[in-house]
Amino acid sequence: MSDNPTATASARPSRIMGFLRSIALLRESWFGMIGAAIVLFWVLMAILAPLLPLYDPLDASVRLVPPGGEAFDGGTHWLGTDNRGRDVLSRVIWGSQRVMVWAMLAILCAYAVGITMGVLAGYLGGLVDDVVSFFANILLSFPVLVLYVLIIAFLGASGVNIVIAVTFTTAPIVMRIVRGLIMDLRTRDYVAAAQTRGESSLYIMFVELLPNARGPLIVDVCLRFGYTVVAIATLSFLGLGLPPPEPDWGMMINEAVELGAHAGHVMLAPAAALSSLILGFNMMADGLREISLRD
Amino acid sequence: MLIFIARRLGQMLLIMIVVTIILFTIFEFNKMNVAGQVLGPYTTEEQRQLWLEQQGYMEPAVGRYFEWVWGVLQGDFGYSHQLRVPVNEVLWDRLRMTAILGFWLFALMIPLALLFGVLSGIKEGSLRDRVISIGAVGTTSVPEFASATFLTAIFVFWLGWLPGTSGMYDGWDTRQIILPVLVLLLYGGGYVVRMTRASMAEVMNSQYIRTAILKGLPYRKVILKHALRNALIAPFTVIMLQLNYLLSGVIVVEVFFAYRGFGTLLLDAALFGDIFVIQACTLVAVFVAVLSYFLSDIGYMFLNPRIRVS
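Going down the list, the sequences are from chains A and B.
With our numbering as the guide, the letters of the first sequence map in order to residues 1 to 295.
With our numbering as the guide, the letters of the second sequence map in order to residues 1001 to 1310.
A few of these clues could be false.
Unchecked claim - Cβ-Cβ distance ranges computed for the label pairs, FRET-style:
(1) 207/A / 1083/B: 41 to 47 Å
(2) 1258/B / 60/A: 23 to 29 Å
(3) 1157/B / 212/A: 52 to 58 Å
(4) 1138/B / 134/A: 35 to 41 Å
(5) 1161/B / 244/A: 40 to 46 Å
(6) 1049/B / 212/A: 53 to 59 Å
(7) 1258/B / 202/A: 37 to 43 Å
(8) 245/A / 1029/B: 26 to 32 Å
(9) 1042/B / 105/A: 32 to 38 Å
(10) 1138/B / 212/A: 21 to 27 Å
(11) 1206/B / 155/A: 33 to 39 Å
(12) 1021/B / 59/A: 33 to 39 Å
(13) 244/A / 1075/B: 39 to 45 Å
(14) 1049/B / 180/A: 48 to 54 Å
Source of the hints: derived by calculation from the structure; they are not laboratory data.
All C-beta atoms in this analysis are idealised placements derived from N, C-alpha and C, irrespective of residue type, glycine included.
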């Protein structure tokens, strides 16, 4: 595969070590550490959901059991059941999996589009830059949620359409950040060197420039991931999100609001879960920013 | 300065034109669905086609586009097929309700957020600063419908002080607007606090403040006469941009509390596919957003002479 096996072999672990080292840097900010711990907790919950001893999130039993109430099979509904008799704890934990998987897909898609556009606009400049920036400006002039509602209203509510909607709202912001970074980087000597070597524009853009712009993007991903989770939950709260009956934090709140006081526990649990996850992302981003500014 | 304003106005106009074209195009591709929504799911293709022709929706698109834009410019937004009234009859009423919400939000948010931000930024790293900063991160981290849930649980279910819905079916009721305003205040206010704090902290670290303190000016005078003036420039921009956020947040909050404003109108229209209402609401929202960007830029230039010169 490669005519220089030692070089690739040593490059691999060092890159992984570099990533681990940058995560380990978080230790210097207790604020960021707490955030990372919260996020890690929810990631573990999402991954381990099938292994945990939980009731089936779709199985109906006794309706509106209060938190800690006994289940019909002798077990305990630690957070009670909802108006269809489904275990709230189980739905909250399974809900974390759903929201994170879709948020991840949406973020990947939005970053792929945003980074590509940003690199093209920043490196090529001129007409490409004008056109890309113009469309980004148009999209950014919509209030975010109005744009979401507009897109989902016309494409219909489904997972893929949520990914599309997130791409439309997030990619312009990512594009702006990347464009600024690339415009700054493209005057560097190593770019001139690559140009003199006769490398293609594509190679320079994605192999020479992009890896050097990753620092600020990593902080941004943390924030943006949190926003995307909120957006997905908000859409399902508004009835424009992923289809039922699979557990979904926004939808759980939406269903419980209409029931009033005796369903208080059904809406508090997902609200607390969502808030803690977002708080985790924000604290982690704050911590990372603090550290990156220090260096 | 004048050239700058003229150029920004031109950009605003261009954005609005493109947005109208986008909205119109979306409608063109969804005509059949709209007819289906209005006539019901059990109508045939021909019936829908016929309805579209009767409504004049099959005429050449360019002509209808200009007709629609001309109507909008005169304040005529078309007809709501869901509510069966002209869009005008509902739109202005709903906007007024949202404007009331927005007024109370800004009336409370500006003084409170600036006060907390300044208090926090005066002494960076102090206990007071830490408490306020963490509080602000906390309130901005909680999404609106989650904080609405918490506040409802406390004030409606537990204490029973406030009503849980804000439909106002029996005329105006001040108690019903408290929770919606509070939810928006927590989220938006936290953000302004953080920005004000950052700006104030930066000013407090600057040379001229140190000079002012070292030459023996009373601390109160240093803060009020020297620091605040520069520290409040950045928050001004942020506050103007909150208008844009408000238009997003208001949808969630209005839906949660069933407050009959602009947000619920847009969402109901979106769920039904009520095309002219969606168009009208989006146009208004984008217009307000673009206008707030414009005003914040102008205001920033006006307040900050260093930018005005260059």
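Tell me the numbers of any earlier hints that the structure contravenes, in ascending order. 1, 5, 7, 10, 11 and 12
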